[in-house]
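Asker: In terms of UniProt numbering, the sequence shown is numbered consecutively and its last residue is 128.
Hints are computed from structural coordinates only; laboratory data are not their basis.
In this text the structure is predicted, and so the values were computed from the model without any measurement.
Idealized CB from N, CA, C, for every residue including glycine.
Check the hints yourself; a few may be wrong.
Claimed, not checked - Pair ranges (Cβ atoms, derived): (1) R46 to L16: 19 to 25 Å; (2) D102 to M30: 37 to 43 Å; (3) H12 to I44: 42 to 48 Å; (4) H12 to F36: 40 to 46 Å; (5) I9 to N117: 43 to 49 Å; (6) V119 to S23: 30 to 36 Å; (7) I95 to S23: 17 to 23 Å; (8) K49 to N8: 16 to 22 Å.
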Amino acid sequence: FGWSINSNILIHITGLVFYFLGSMLFTWSMLSNKYFSTMVRIQIERGHKVAISGPYKYIRHPGYVGFIIMVFATPLSLGTLYALLMSGITTILLIIRTSLEDKTLKNELDGYLKYSNKVKYKLIPFIW
Numbered sequence: 001f002g003w004s005i006n007s008n009i010l011i012h013i014t015g016l017v018f019y020f021l022g023s024m025l026f027t028w029s030m031l032s033n034k035y036f037s038t039m040v041r042i043q044i045e046r047g048h049k050v051a052i053s054g055p056y057k058y059i060r061h062p063g064y065v066g067f068i069i070m071v072f073a074t075p076l077s078l079g080t081l082y083a084l085l086m087s088g089i090t091t092i093l094l095i096i097r098t099s100l101e102d103k104t105l106k107n108e109l110d111g112y113l114k115y116s117n118k119v120k121y122k123l124i125p126f127i128w
């Protein structure tokens, strides 16, 4: 369909490496937070507590960071620049979701407000 680029093999390999790194961060986030879920809700029945270990020491939403890295690595590994448009849209939606989730957690999860004052950054250390 003409959607692929004639790219250097290094671009494909770079995409695969970043996909692997993103998936490792995503997995580390899941393993460090026993309340990790695809749905934003306070798991009262499980005694939901704030995750403060692993990557949560540095940023509040490391799972999203790992996923965003994978989303941007996919077009590189497949050699299609058109997919970068979808990567951008997905990232914007995840940034919105991060803000909404952070607001919910601050309002509903005991200790999260204190945690958010200690761990200042939602996604990118020293930036946001």
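Asker: Each hint needs a verdict: does it hold in this structure or not?
Answerer: Results for each hint:
no.: 1; hint: R46 to L16: 19 to 25 Å; result: violated (36 Å)
no.: 2; hint: D102 to M30: 37 to 43 Å; result: violated (18 Å)
no.: 3; hint: H12 to I44: 42 to 48 Å; result: holds (46 Å)
no.: 4; hint: H12 to F36: 40 to 46 Å; result: violated (30 Å)
no.: 5; hint: I9 to N117: 43 to 49 Å; result: holds (46 Å)
no.: 6; hint: V119 to S23: 30 to 36 Å; result: violated (23 Å)
no.: 7; hint: I95 to S23: 17 to 23 Å; result: holds (20 Å)
no.: 8; hint: K49 to N8: 16 to 22 Å; result: violated (47 Å)
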